[in-house]
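Visitor: Line by line, the protein sequences are chains A and B.
Using this note's numbering, the letters of the first sequence map in sequence onto residues 2 to 478.
Using this note's numbering, the letters of the second sequence map in sequence onto residues 385 to 862.
Bear in mind the hints are in silico, worked out from the structure with no lab data behind them.
Be careful, since some hints might not be right.
Unchecked claim - Here chain B is said to cover these stretches of chain A; the calculated rule only asks that three of the stretch's residues, wherever they fall, bring their Cβ under 8 Å from a Cβ of chain B:
1. 109 to 123
2. 269 to 275
3. 459 to 473
To be verified - Okay, derived cross-link-like pairs now, EDC-like style, lysine to aspartate or glutamate, Cα gap no bigger than 16 Å in a straight line:
4. A:K140 / A:D241
5. A:K312 / A:E291
6. A:K121 / B:E596
7. A:K424 / B:E596
8. A:K82 / A:E67
9. A:K61 / A:D300
10. A:K40 / B:E501
11. A:K465 / B:D802
12. A:K447 / B:D711
13. B:K613 / A:D472
14. A:K121 / B:E501
15. B:K713 / A:E450
What the hints assert, rightly or not - Simulated restraints on C-beta separations:
16. B:G660 / A:D300: 49 to 55 Å
17. B:T703 / A:G313: 32 to 38 Å
18. A:S66 / B:Y499: 30 to 36 Å
19. A:G254 / B:S731: 52 to 58 Å
20. B:L615 / A:L401: 54 to 60 Å
21. B:I839 / A:L387: 51 to 57 Å
22. A:E153 / B:F625: 42 to 48 Å
23. B:F625 / A:K204: 45 to 51 Å
Using N, Cα and C, we set each Cβ at its ideal position, and we do this for glycine too.
Listed here are the chains, written in short residue letters.
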Amino acid sequence: MGKNISAVMAHVAVILAVLLVIGILGSIASAQAGGGSEKFTGEIERGATIRVLENDTAIKQGYLSELITAFNKKYEEYGVKAIDANMDQYTDLENDGPYGYGPDVLYQANDRIMRYPEHKHILPLPAEEFDCYDKVSEKGWQAYTQKVGGDEYIFGVPVNVQGPLLYYRKDLLPENWQTEWDDDKNGIPDIVEYWTDMYRYSKQVKLSGNGKKFGYMRSFLEPYFSVGYLYSYGGYSFGDGNTNPADIGHSAGNAEYGGRVIRQLASVMDERCIDDSVTTGAYSALASGEFFATITTPDVYTMFVDEMKAKGYSDEFIAENLVTTYIPKLPVSGDLEDESQGFIECNMMGGVQGYAISSYTTCPNASLAFVKFATSYDMIKRRNELLGIVPARSDVADNLGGLSEIINNNLERGNITVMPSIKESAQLWTPLQTLFQDLAKDAFRKSAEVKYETLESIKEALKKVDKQIYDGIFTLQ
Amino acid sequence: MEKEKNKRSFFTSVKEKTVLFFKDKKKKIVNFFKTLPARTKAKFAGAKEILTQGNGKVCASMCVMGLGQLMYKQWAKGILYLLVQAAFLAYFVLKGAGDFIGFFTLGVKEGNAWYGEQGDNSVIMLLMGILSVIAIIFYAVIYIANVKDAYRIQCAADTLKPTPSFKKELTSLLNKNFHKTALALPIVGVCVFSILPIIFMIAIAFTNYGGEVVPPALIDWVGFENFGKILTLGQFAPTFFKIFGWNILWAVLSTFINYFAGLGLALLLSKKCVKGKTFWRLFPILAYAVPGFITLIAFKFMFSYGGPINQIITGAGGTAVGFLDIDAKWTARLIGLSVNAWLNIPSGMLLATGILSNVNSDLYEAARVDGASSWKQFVRITLPYVLFATMPVLISQFIANFNNFGIFYFLRGGLYMDGYFLASDTDLLINWLYNMSIDNNYYSIGAAISIIIFIVTSIISLAVYVMSPSYKQEETYQ
Numbered sequence: 002m003g004k005n006i007s008a009v010m011a012h013v014a015v016i017l018a019v020l021l022v023i024g025i026l027g028s029i030a031s032a033q034a035g036g037g038s039e040k041f042t043g044e045i046e047r048g049a050t051i052r053v054l055e056n057d058t059a060i061k062q063g064y065l066s067e068l069i070t071a072f073n074k075k076y077e078e079y080g081v082k083a084i085d086a087n088m089d090q091y092t093d094l095e096n097d098g099p100y101g102y103g104p105d106v107l108y109q110a111n112d113r114i115m116r117y118p119e120h121k122h123i124l125p126l127p128a129e130e131f132d133c134y135d136k137v138s139e140k141g142w143q144a145y146t147q148k149v150g151g152d153e154y155i156f157g158v159p160v161n162v163q164g165p166l167l168y169y170r171k172d173l174l175p176e177n178w179q180t181e182w183d184d185d186k187n188g189i190p191d192i193v194e195y196w197t198d199m200y201r202y203s204k205q206v207k208l209s210g211n212g213k214k215f216g217y218m219r220s221f222l223e224p225y226f227s228v229g230y231l232y233s234y235g236g237y238s239f240g241d242g243n244t245n246p247a248d249i250g251h252s253a254g255n256a257e258y259g260g261r262v263i264r265q266l267a268s269v270m271d272e273r274c275i276d277d278s279v280t281t282g283a284y285s286a287l288a289s290g291e292f293f294a295t296i297t298t299p300d301v302y303t304m305f306v307d308e309m310k311a312k313g314y315s316d317e318f319i320a321e322n323l324v325t326t327y328i329p330k331l332p333v334s335g336d337l338e339d340e341s342q343g344f345i346e347c348n349m350m351g352g353v354q355g356y357a358i359s360s361y362t363t364c365p366n367a368s369l370a371f372v373k374f375a376t377s378y379d380m381i382k383r384r385n386e387l388l389g390i391v392p393a394r395s396d397v398a399d400n401l402g403g404l405s406e407i408i409n410n411n412l413e414r415g416n417i418t419v420m421p422s423i424k425e426s427a428q429l430w431t432p433l434q435t436l437f438q439d440l441a442k443d444a445f446r447k448s449a450e451v452k453y454e455t456l457e458s459i460k461e462a463l464k465k466v467d468k469q470i471y472d473g474i475f476t477l478q
Numbered sequence: 385m386e387k388e389k390n391k392r393s394f395f396t397s398v399k400e401k402t403v404l405f406f407k408d409k410k411k412k413i414v415n416f417f418k419t420l421p422a423r424t425k426a427k428f429a430g431a432k433e434i435l436t437q438g439n440g441k442v443c444a445s446m447c448v449m450g451l452g453q454l455m456y457k458q459w460a461k462g463i464l465y466l467l468v469q470a471a472f473l474a475y476f477v478l479k480g481a482g483d484f485i486g487f488f489t490l491g492v493k494e495g496n497a498w499y500g501e502q503g504d505n506s507v508i509m510l511l512m513g514i515l516s517v518i519a520i521i522f523y524a525v526i527y528i529a530n531v532k533d534a535y536r537i538q539c540a541a542d543t544l545k546p547t548p549s550f551k552k553e554l555t556s557l558l559n560k561n562f563h564k565t566a567l568a569l570p571i572v573g574v575c576v577f578s579i580l581p582i583i584f585m586i587a588i589a590f591t592n593y594g595g596e597v598v599p600p601a602l603i604d605w606v607g608f609e610n611f612g613k614i615l616t617l618g619q620f621a622p623t624f625f626k627i628f629g630w631n632i633l634w635a636v637l638s639t640f641i642n643y644f645a646g647l648g649l650a651l652l653l654s655k656k657c658v659k660g661k662t663f664w665r666l667f668p669i670l671a672y673a674v675p676g677f678i679t680l681i682a683f684k685f686m687f688s689y690g691g692p693i694n695q696i697i698t699g700a701g702g703t704a705v706g707f708l709d710i711d712a713k714w715t716a717r718l719i720g721l722s723v724n725a726w727l728n729i730p731s732g733m734l735l736a737t738g739i740l741s742n743v744n745s746d747l748y749e750a751a752r753v754d755g756a757s758s759w760k761q762f763v764r765i766t767l768p769y770v771l772f773a774t775m776p777v778l779i780s781q782f783i784a785n786f787n788n789f790g791i792f793y794f795l796r797g798g799l800y801m802d803g804y805f806l807a808s809d810t811d812l813l814i815n816w817l818y819n820m821s822i823d824n825n826y827y828s829i830g831a832a833i834s835i836i837i838f839i840v841t842s843i844i845s846l847a848v849y850v851m852s853p854s855y856k857q858e859e860t861y862q
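One chain only, chain B, in its complex shape (with noise of 0.2 Å):
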């Protein structure tokens, strides 16, 4: 009675904790879209005002950068302006121009390796056309400073304010301005190295880039075509559903076992009737040490036809089991989890061993004094606490659970079921994302699949994240 009586208040909690989630959402929204207009407006302000109070040395800025600030007699910040319109003009000229131009082409001229003739990769030409645009977006933003700059400067000498001179400028960099110069170059680095490889994953999905279509045959836009081949095509719809709900059960299941085990296990083995902790903790981290891959090719052995685990069935009399063969979806599927877990027990015991060495032991005993049970104190101490040093950790072992290649490559690759396209009933979407766009080359649907991976995995996270006590209690354990 007392049990149903919890159940039944728990989840009464959780639902009125989900609508008051979404209604405060709402009202986050509505509130967003309604004070809109009045912070574009507030935004556009300063703008405006530069428009309609710069005078004529802030016009000549606009038209040449720098030109203001040398009229203003701000000699180098002048000159490094204008040496910076030069060098962006001259990047234009020599190349800028006919990148941005074949981001939109994508090329007109195909290649003819047999005669030496250089024709338009597509690739290369969507790559250098997203870094045009990156240069562009630099220069502009540049430009901005570069006009707010010569106002500035009109402001102070308006109002016969002394004008900073360039050496305080720089050494502002070093003080007050420290963060400008401390994050420059890892802006350009993102830019570079994360920003430009996303955007061109993202493009590549909006192109007919694969299959036939591969360099020197150009490239071309087809628009949100394949998207709507993921959703519509016969073969491929089912797939891709099929697929997508094992993937999320796969996320969740893996996830919540691999947590819990390593939990459970960091608890077992920080129980003070437990001999000799640190010889039992060296087993899971030599399980965690041992690469994931061998492990995995390991496991497959054990359980193929061949291995040991059968041996040992059939040198009993019995029968060889097909652990992984082609009619063990759900045997291979738990053999997966089995695996996964496996692995990655080990490094949820370690985080979960370092969290609980820090819980405030008097919190235990002021609950046994209460007449707490030991499974009232985990629920209502430990891990209220647990989860919400880990809720992050928790979200990225979710999102790399989704996206657990190895696990069923190693395992169960290599096979196509019958009612999936080029897909195994264990294929997650990084798995069949692999199929099509590694063993068959089509690309771009390839990265059609990577960004609703991406949309997926995100709005979980960030859902979860939002309603976790990592973000909402946040100052409770500070």
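Looking at chain A on its own, in the form it has when it is part of the complex (with noise of 0.2 Å):
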């Protein structure tokens, strides 16, 4: 019997010393691995063939065609190709990368290209050697600038600044606008001027077309379009510039009077600016004069002329009535009905989107010659004519003037707050959704079931809505 055994564990023995052996090789040469090189030399990969992930709009409207055709015949004798990564427009470079499957450029908003640099996942890019780094906006670049490892690097090249605008009907004012609600006799109605004459507005429109009929109206949902109430009267998503996830604000300075603000406006609204069923609906009643202004985001207004055209409106008469315009200016006392104190402007939360390069990739050169190419100003203009969107570019934007001016002036005025550029900020929307929509709720709840008639109330809420997002990032870490 010994005898077998020995045998069994002889067996058994070879085979652990094989483990053994193995694994102390193995570690060493993964000890020896290592070392790297810079990826950027400025010689382009010959025969390389560029994966590009571009936004679903820009795919279905022509542009990334025209993009690649354009440069592939500028970079033909280098044999380089660039080809539509065909990729959802939301791939995860995180989870795709590492196994070859993400694309090697991409174009996406910040908030979602920052999530990448602290795993690396993306390239710190020589933004100096693009010739739209003094073109672009500091704000813009920094949406993109993060520290890894102790320093500061640029991660992505700033194409589009978005940003809230106001849209409303010239027409659907009233009558006597230029007698009565015009009290500084600039030219420009109050209406669309500041939030309180909104407001009064928008009372009396609901008041008078028996609810069939609003001022402005706007579903407070979306994070996206009613943080900026919270903003604008000292309220912030993180501290430190949007950059310290352990510094949640929303509920500093007096931010709960924007809480206030989204109760009154929501009170001249009717129950759909609760849940979102007015928001894909907004284009069709602005069209049919059931609303006369709401906010939306500049890349929709072809939506908005397109159904305006449906109801039998010429192009003059859309050109003429349908207006653009900045955010409305908020009251400094936080309330809607006292404009005694004078106003602010309206901060709102935008976002920059742009091109990043993969770590990934195998052709960092022929991708970042790829990426100046898709910004210079030449292709950012076609861009522009082609789908609509403000030029981070201030000299495509200064020369456009309309829509890219205003946008890109809010973001220089500092009325737009970038979205945060750290991945933290994926923390940020549901519990802002969820308070947003309590708030706009508590206008149609029965007085004994009010719950934020008070600003101590509504402070309380912000508070819980930090504490919420903090536990969301920090309980598990």
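Fit chain to chain and form the complex, with the hints in mind.
Guide: Below, the structure written as structure tokens:
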């Protein structure tokens, strides 16, 4: 028996010995691996294929096809070819990149792109080499700047600035607006200049329209469009310029005033402002005159135009009466029924979309050349023509004027707070969405059920949301 | 009085049955442990025999697979075993050993994509490590078969019996041992596509994977820490128990409603007095045929503030109702139950229709002659028969309802309520799991919750099944 047991043991010993030797060798080998080199050498990889991830609109409208055709022609001599990565526009580089499935170049919003630097999924870019370097505002670059390992790098090239605008129907202004609704006599209706007047006018419209017509209408569900009311009165998402996740400040300063403004605005709308059922219908409602004004991003301007055309309005009528402008100013008092203390600018959330290069690309230099080409003056101008984006390049924006100028001015003036570029920002949306829904709902609760009648109660709710976000970020880390 | 008496006898019978069930189980469990040593001894008796009685050739097979067979001139089999050992050693040298060690270390070197430094990917290492363990188990099984085979040949040689030729043994795989041939491929498939992912998920629950720790960062083993967090963390434990309680209530209610409403509909449509049965059956089938998430989105719109229901209410001069909004805890739960019923009653109806068509009509005839009322006939004939036939389906429906992700994700997603951690008051455990593992990247906590869900659903399902007539009276309706 002993002999046989020894035989089995010998067999197992051989296997274990192999295991041990391989383990030791493996660890030595892995310890010896390493080193590295700068990826941007300036030498374009000949014959490289660059997989470009663009947003769906750019693909649908044919912009990407134009872009890659022009790039491929320019770099024909290198045999470099850019192609559509043919992936979902929200492709997660973190999961796909390391296995070779991600794109080489990606175009996404700053909050998405800036989740990647921490684990080095995207490459730091030599921003000074870009011809748009001094044409893009500092705030634009800031959205793509992050510290990694103690050093600060730029990880993306801003292309498009996103920020909300007020859309309204000029023909629906009260006939006497020049005498009754333009106190400062600057030729601009106070209704679209100040939230207090918009509130007063919306109240009138709702009353006279028996709840079938509204002045201002917008769902509060989307934090992107609602958190600005908190920002305007001193609230912020993350401290240190939206970079410190440990400091959450939606309740900071007089942010509760912003909460009250939401509650007051909700009262001049109807319950549709609580959920998102009004969002998709907003184009048609503005076109039909059910709403006088709403807030949304510039890229949907054509949707309003199409709806108005469908309702029989002429191009001239639309050009004259569908107006986009700055977001109205808020009262210092934080009460839409009290304008005695003057006004402050309304600070809204915005975003910057841009290009980044994957760390897993096999052709970093060709990818860099592509990003340089795609952010050149001509291509950004073409992008604006085809997609109606607001260029981050000031030279293109200045030439275009209109919406581009307004949004860029808003960014410059600090009236747009760029979405936080840290990955913890993913924890913001649901708690904020819940709070805004609750505040809007409060305007329609029976008096016995009202939750936010006082500023203190709103402050308390904001503090709870801050704690919820903090817990979401730190509880399980 | 009669009713009260019936009720009391029903409860007494349930109590007695439950006591009997647990007595029976207790007896079985005690017996299991009592006989365990004897059964283990019997199991290893064969191994002991080989170790004590095996000759030098068997010993050779123990050292090197197939060597004993070769010494007995069983060339083909010996070479095959030898090849298996060579293949395993090659796999082990080239990959398996590294994978096996990686399973324990989960990586030692973090990658740096900026410099093209390939680091260890803990997730892949965990997966490959599990695969290497499966490979080792396979190898061990073949090794034991090899030793047993060598001993079998020895026994045959010692008793001067002819040893079956390789060709004969191969042929037996198509006749006597066909089950082995037929099951070999499925077993490999089950190991790779079922067991591997399950073990992987279970293993994840014992790591710190998620949050900040995602590749290229290295993952570590943390033991039962994640389970501890679920049960003890200030924000976590209350949410878990609140959601768990609602989840149980939801699963029981929705299964009950769907099952009995489906059965009721089937009974109604099987009545002779109903005209145009095919036509009426078409409507539920249409509801069943529409993809579930489309139906859910449609219902969400219908119950929204801008939806048709509120338009009718406001049009009639009423105030819009927040059916699914932030204050609508129980209204939303009831709507969830109703929508779930809308989606699932048709399948229950179809199932019951099929089963009812097989009930022996003589039973009803006899019951009618004995003066049994329709209700009595339903309780004594229809229900036991349908329950017997559909208990496994009922259990699977319970599990499906317990893990019903779509209903509240589509109807009322995007809310985190006060007093809940990353969840709302209508979320089920599966929704909470999604919020944490997909929305918030807490994969390891998500895996730990999955294990808890698995344990709960398994216990309930097993208990219900073992107590059901489908298990206890398997022969009754056959």
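Visitor: Hint by hint, note whether the structure agrees.
Guide: Results of checking the hints against the structure:
1. 109 to 123: Check passed, 3 qualifying residues.
2. 269 to 275: As far as the stretch 269 to 275 of chain A goes, the hint holds, because 4 residues have Cβ atoms under 8 Å from chain B.
3. 459 to 473: With 4 residues in contact (Cβ-Cβ under 8 Å with chain B), the coverage given for the stretch 459 to 473 of chain A holds.
4. A:K140 / A:D241: OK: K140 (chain A) and D241 (chain A) at ~14 Å, within 16 Å.
5. A:K312 / A:E291: holds, 13 Å
6. A:K121 / B:E596: holds, 13 Å
7. A:K424 / B:E596: holds, 10 Å
8. A:K82 / A:E67: holds, 13 Å
9. A:K61 / A:D300: Measuring from Cα to Cα gives roughly 14 Å; hence the hint holds.
10. A:K40 / B:E501: holds, 12 Å
11. A:K465 / B:D802: Distance ~8 Å between K465 (chain A) and D802 (chain B) Cα, so the pair holds.
12. A:K447 / B:D711: Holds - the C-alpha atoms of D711 (chain B) and K447 (chain A) are around 12 Å apart, at most 16 Å.
13. B:K613 / A:D472: Since the Cα atoms of K613 (chain B) and D472 (chain A) sit roughly 13 Å apart, the hinted pair holds (cutoff 16 Å).
14. A:K121 / B:E501: Given that 16 Å is the threshold and the Cα spacing comes to 11 Å, the pair holds.
15. B:K713 / A:E450: Roughly 15 Å between the alpha carbons, so the hint for K713 (chain B) and E450 (chain A) holds.
16. B:G660 / A:D300: 49 to 55 Å: holds, 53 Å
17. B:T703 / A:G313: 32 to 38 Å: holds, 34 Å
18. A:S66 / B:Y499: 30 to 36 Å: Given about 35 Å between the Cβ atoms, the range holds.
19. A:G254 / B:S731: 52 to 58 Å: holds, 56 Å
20. B:L615 / A:L401: 54 to 60 Å: Between L615 (chain B) and L401 (chain A), where Cβ atoms are some 59 Å apart, the hint holds.
21. B:I839 / A:L387: 51 to 57 Å: Once the Cβ atoms are compared, 56 Å apart, the range 51 to 57 Å for L387 (chain A) and I839 (chain B) holds.
22. A:E153 / B:F625: 42 to 48 Å: Holds, since E153 (chain A) and F625 (chain B) (Cβ atoms, about 45 Å apart) stay within the stated range.
23. B:F625 / A:K204: 45 to 51 Å: holds, 46 Å
Hint violations for this structure: none, all hints satisfied.
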